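Asker: Between the sequences and the hints, there should be enough to build the whole structure, so can you do that?
Okay, so the sequence shown: first residue is 6 according to my numbering, each after it adds one.
Treat the hints loosely; a few may be bogus.
Here are the simulated DSSO-like cross-link-like pairs (lysine-lysine), alpha carbons at most 27 Å apart as the crow flies [said to hold, decoys possible]:
| hint | residue 1 | residue 2 |
| --- | --- | --- |
| 1 | Lys55 | Lys195 |
| 2 | Lys195 | Lys56 |
| 3 | Lys161 | Lys145 |
| 4 | Lys94 | Lys224 |
| 5 | Lys56 | Lys190 |
| 6 | Lys224 | Lys195 |
| 7 | Lys54 | Lys191 |
| 8 | Lys54 | Lys190 |
| 9 | Lys191 | Lys55 |
| 10 | Lys56 | Lys191 |
| 11 | Lys224 | Lys145 |
| 12 | Lys55 | Lys190 |
| 13 | Lys161 | Lys224 |
| 14 | Lys195 | Lys54 |
Because the hints were derived from the structure by calculation, they are not lab data. Note that the structure is predicted; figures quoted are calculated from it, not measured.
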Amino acid sequence: MKKIIPSIFLLFGSISVWAQQYGDATLAVGTSQGTFSILYGHDWEFGDKKKFAVGLGGRFTSYFGSNQYYRTAPAELTSGSTGPFVIFKPDIEANIDTFLIMSPQVNSINLLINLRYVLNNRLHLGFNIDAIGFSFGSEKDGTYLNFPEGAVSTAKPTAFNILLISDNDGGSLNSEFYARYFLNKKWALKAGAQFCFTEYTTNTEVQQFPEPNDRFRNKSLMVALGMSVRL
Numbered sequence: 006m007k008k009i010i011p012s013i014f015l016l017f018g019s020i021s022v023w024a025q026q027y028g029d030a031t032l033a034v035g036t037s038q039g040t041f042s043i044l045y046g047h048d049w050e051f052g053d054k055k056k057f058a059v060g061l062g063g064r065f066t067s068y069f070g071s072n073q074y075y076r077t078a079p080a081e082l083t084s085g086s087t088g089p090f091v092i093f094k095p096d097i098e099a100n101i102d103t104f105l106i107m108s109p110q111v112n113s114i115n116l117l118i119n120l121r122y123v124l125n126n127r128l129h130l131g132f133n134i135d136a137i138g139f140s141f142g143s144e145k146d147g148t149y150l151n152f153p154e155g156a157v158s159t160a161k162p163t164a165f166n167i168l169l170i171s172d173n174d175g176g177s178l179n180s181e182f183y184a185r186y187f188l189n190k191k192w193a194l195k196a197g198a199q200f201c202f203t204e205y206t207t208n209t210e211v212q213q214f215p216e217p218n219d220r221f222r223n224k225s226l227m228v229a230l231g232m233s234v235r236l
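Answerer: Shown next, in the form of structure tokens:
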């Protein structure tokens with residue numbers, strides 16, 4: 006035991022770790038929808054060449070859209086399961102209803118996880134995803150379309166956000182595949198694809214089949230452009 010403990014400290018001491026702080030401002034655009042987001046991150050770079058990085062941060066996202074369709078959200082309805090393999094299960098279309106919101110607008114603040122790889126001094130590739138946080142925004146009128154003549158209801162952004170697996174997720178979450186191209190040692194251009202979930206909870210359980218439900222989700226794939234700065 007006396008030999009093992011010093012060996013453990015020697016092992017971790019031999020792993021080179023550097024920290025880096027940065028900020029992002031990003032605009033993303035899709036079909037009749039978009040987001041503006043700002044991000045602060047703290048990455049830990051590993052190895053002598055600092056090629057790989059893992060980090061944490063915080064992100065504010067403001068989503069806005071026009072005539073967006075929100076589908077039944079809970080995994081137990083969309084896939085008939087909530088287990089870890091729900092991501093591989095097809096949707097059960099008979100269980101999925103639609104709630105149309107004319108002008109959705111959701112604001113979210115989330116803790117995020119970041120992964121990054123350095124190709125060279127100028128070009129970095131990465132992926133980030135929101136993990137947990139909260140959302141807020143005003144109530145919106147919408148139309149539940151699976152009623153013979155449409156049923157009008159009000160809805161507000163689901164307050165609590167949590168990353169789980171596929172439709173087990175709750176609330177509004179943002180994620181990005183991105184590339185950063187550094188113009189100099191501090192400033193970089195950023196481009197990529199943004200995948201944003203937004204979720205509303207209706208004031209009544211407008212869906213009744215196969216069981217009552219008041220949560221509806223929109224999934225948006227958008228083109229993202231922005232700027233990054235090392236802090």
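Asker: Each of the hints needs a verdict: does it hold here or not?
Answerer: Outcome of the hint check:
1. Lys55 x Lys195: 20 Å, holds
2. Lys195 x Lys56: 18 Å, holds
3. Lys161 x Lys145: 6 Å, holds
4. Lys94 x Lys224: 17 Å, holds
5. Lys56 x Lys190: Within the cut-off at roughly 16 Å; holds.
6. Lys224 x Lys195: Holds, at roughly 22 Å.
7. Lys54 x Lys191: 19 Å, holds
8. Lys54 x Lys190: 17 Å, holds
9. Lys191 x Lys55: At roughly 17 Å apart (the allowed maximum being 27 Å), lysine 55 and lysine 191 satisfy the hint.
10. Lys56 x Lys191: At roughly 18 Å apart (the allowed maximum being 27 Å), lysine 191 and lysine 56 satisfy the hint.
11. Lys224 x Lys145: 18 Å, holds
12. Lys55 x Lys190: With Cα atoms ~15 Å apart, lysine 55 and lysine 190 stay inside 27 Å; holds.
13. Lys161 x Lys224: 17 Å, holds
14. Lys195 x Lys54: The given pair, whose Cα atoms are some 22 Å apart, holds under the 27 Å limit.
When held up to the earlier numbered hints, the structure conflicts with none and fits them all.
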